[in-house]
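Enquirer: Using the sequences and the hints given, assemble the complete structure.
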Amino acid sequence: MKTLQNIDRRIIYLLVFLALAVPMLQPIGLPFGINESSQKVYDLVDALKPGDVLVLSFDYSPSGQAQLDPQARAVMKHAYSKEGVKIINVAFWPSGPLFADKFLGEMEGTHDKVYGEDYVSLGYVAGAETAISAFGKDMHQAYPRDRHGNSIGDIPMMRDIKSAADVDLMISFGTGTPGVPEHVRQIVTVYGTPFAVCMNSVSVAGNIPYYNAGQMKGYLNGLRGAAEYEMMMKEPGSATASMDSLSFSHLTVIIFILLGNIAYFADPDRKKK
Amino acid sequence: MKSQGLMIAITFVFALIIIIDAFFAIDFISAASTEIQNWGTIIASLALALAAVNLIRIHSRRIRLRRGEWYNSVALLTVMFVQTAIGLVNRSTGEVYNFGFNNIMTPLGATMYALLAFWIASAAYRAFTARSIDSAILLVAATVVMLGNAPIGESIWSAFPSIKTWIMDVPNMAAQRGIMIGGGIGAIALGLRILMGIERGHLGGSDE
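From first to last, the protein sequence lines are chains A and B.
Just so we're aligned, residue 18 is where the first sequence starts under the numbering used here, counting upward by one.
Just so we're aligned, residue 6 is where the second sequence starts under the numbering used here, counting upward by one.
A couple of the hints might just be wrong.
What the hints assert, rightly or not - Calculated cross-link-like contacts (lysine to any residue; reagent style SDA-like; alpha-carbon spacing at most 20 Å):
#1 Lys-94/A - Asp-129/A
#2 Lys-169/B - Ser-218/A
#3 Lys-119/A - Leu-113/B
What the hints assert, rightly or not - Residues from chain B that face chain A, not an exhaustive set, calculated with beta carbons under 10 Å:
#4 Ile-22
#5 Asp-26
#6 Ala-27
#7 Asn-43
#8 Asn-59
#9 Leu-60
#10 Asn-107
#11 Ile-125
#12 Ala-132
#13 Leu-144
#14 Ile-161
#15 Ala-164
#16 Gln-181
#17 Ile-184
It should be emphasised that the hints constitute simulated quantities derived from the structure, not laboratory data.
Since this is a predicted model, take the numbers as computed values, not measurements.
We treat Cβ as the ideally placed atom computed from N, Cα and C, and that holds for glycine.
Expert: Below is the structure:
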């Protein structure tokens with residue numbers, strides 16, 4: 018029992034590492050269902066018609082990329098495959114535009130959208146919630162130029178898109194502040210714009226009231242959400258491949274919690290402590 | 006003190022314009038509100054520059070005085086200047102700037118976050134014990150949510166996802182809503198205090 022009470026942390030680290038790495042090298046392919054919230058995000062993107070406007074807001078930093086990158090990659094692939102849909106890429110986090118650029122680079126040649134006519138990258142604007150509000154109210158004033166320095170008035174697709182009221186769907190890839198509450202307060206409540214979120218797992222518990230209140234029409238929950246989206250697109254990718262690692266790492270943590278409790282209750286001195 | 010009075014008056018007028026614009030559709034108020042919000046984004050950009058200046062001051066001083074682990078400050082300032090110079094010459098859309106971001110910043114940031122998996126496992130083993138009824142409830146809820154979220158949970162028992170959904174949608178949401186409503190009321194109260202000039206912390210002075 019003494020051994021159980023004092024497992025060296027390096028052994029724990031090693032077992033967690035193995036639980037993450039081995040399934041990556043030898044996938045088992047454990048089955049998983051599609052959550053209703055993920056299905057709703059897919060349906061919202063899939064229901065976009067020619068002429069509809071979609072805003073993709075990249076509100077995360079490198080620390081969130083393990084969960085958010087696969088989500089963004091899958092959603093963007095789906096959105097850019099929708100004929101005639103106008104897409105605006107924005108960011109309210111400084112590193113956001115660099116992620117958008119990365120995915121656009123990866124997708125080059127896989128879609129027939131033309132920059133300026135079908136999609137545009139507006140880049141980052143500082144100011145957090147104030148910036149979101151300014152963007153929703155008047156995109157042309159909040160972003161006088163796009164990410165490449167073109168005047169927004171000269172971009173053909175932006176001529177008729179002025180405010181969040183002209184947007185048919187907004188999706189935020191977010192991990193913190195500004196994030197869901199700020200978008201709900203400044204965009205959803207004011208303009209009634211349909212809104213969906215792709216977030217990391219740790220943010221779900223705090224943002225779930227917005228989903229149940231109907232302010233958030235759907236959400237992707239971390240890496241699992243990304244894997245579900247890939248499965249709905251019938252294109253399994255990096256997130257689907259990581260599901261076994263997720264399972265075994267969770268299981269390892271649970272086993273250590275159990276061991277910790279067994280050691281605690283088996284300790285005859287615990288009442289004295 | 007005169008300048009504080011002026012600041013309070015400006016805060017009051019600007020806030021009033023934003024509040025009126027939120028509730029009524031009046032053209033000139035809407036135009037003024039848009040302008041104020043655009044000023045907000047410009048001020049925020051300047052604040053970022055100010056933060057950079059502050060960072061340089063603090064770390065330059067640390068290097069000059071050779072304070073503990075001052076070499077980390079050298080690394081920080083070097084990377085900051087190099088990446089800024091690349092951004093100014095190559096722009097943030099350029100290949101060189103993106104190379105630095107994708108191959109240095111992104112892996113480092115992701116690694117720092119990923120290390121949590123190891124610390125959480127170790128911390129959970131040492132600290133996550135059912136010492137009381139409260140901690141036992143927390144422990145069971147956390148375990149079920151973890152199993153409900155991972156595919157292996159479904160394979161062990163198909164009811165795990167449903168139980169997880171109930172935990173998230175009922176007790177979790179009740180608590181989150183309570184926190185949100187409480188926070189919202191607090192924000193309204195704080196906003197009113199600032200508008201009335203009772204709260205002056207943001208002006209750099211005391212409440213008096």
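Enquirer: If a hint holds in the structure, say so; if it does not, say that too.
Expert: Here is what the structure says about each hint:
The straight-line distance between the Cα atoms of Lys-94/A and Asp-129/A is roughly 12 Å, inside the 20 Å bound, and the hint therefore holds. Between Lys-169/B and Ser-218/A the alpha-carbon distance is near 13 Å, which keeps this suggested pair within the 20 Å criterion. Straight-line distance between C-alpha atoms of Lys-119/A and Leu-113/B comes to about 17 Å, which keeps the hinted pair within the 20 Å bound. Here the hint on Ile-22/B is broken, as its CB sits about 13 Å from the closest CB of chain A, past 10 Å.
The interface hint given for Asp-26/B holds, since its Cβ lies 9 Å from the closest Cβ of chain A, which is under the 10 Å cut-off. Look at Ala-27/B: its Cβ gets to within about 7 Å of chain A, closer than 10 Å, so that hint holds up. The interface hint given for Asn-43/B is met, as the beta carbon of that residue sits about 5 Å from the closest beta carbon of chain A, less than 10 Å. At its closest, the beta carbon of Asn-59/B sits 16 Å from a beta carbon of chain A; the interface hint therefore is violated under the 10 Å criterion.
Given hint, Leu-60/B at the interface with chain A, is violated; its Cβ is 14 Å from that chain's nearest Cβ, farther than 10 Å. The closest approach between the C-beta of Asn-107/B and any C-beta of chain A is roughly 6 Å, which is under the 10 Å cut-off, so the hint is satisfied. Because the closest C-beta pair between Ile-125/B and chain A is about 6 Å apart, less than 10 Å, the hint holds. For Ala-132/B, the suggested interface contact is upheld, since its CB lies about 8 Å from the closest CB of chain A, less than 10 Å.
Interface hint status for Leu-144/B: upheld, as the beta-carbon distance to the closest one in chain A is roughly 7 Å, under 10 Å. Given hint, Ile-161/B at the interface with chain A, holds; its Cβ is 9 Å from that chain's nearest Cβ, closer than 10 Å. About 12 Å separates the beta-carbon of Ala-164/B from the nearest beta-carbon of chain A, more than 10 Å, and the hint is not met. A distance limit of 10 Å between C-beta atoms decides the matter here; for Gln-181/B the minimum to chain A is near 5 Å, and the interface restraint holds.
Because the closest C-beta pair between Ile-184/B and chain A is about 8 Å apart, less than 10 Å, the hint holds.
Hint compliance for this structure: hints 4, 8, 9 and 15 are not met, and every other hint is.
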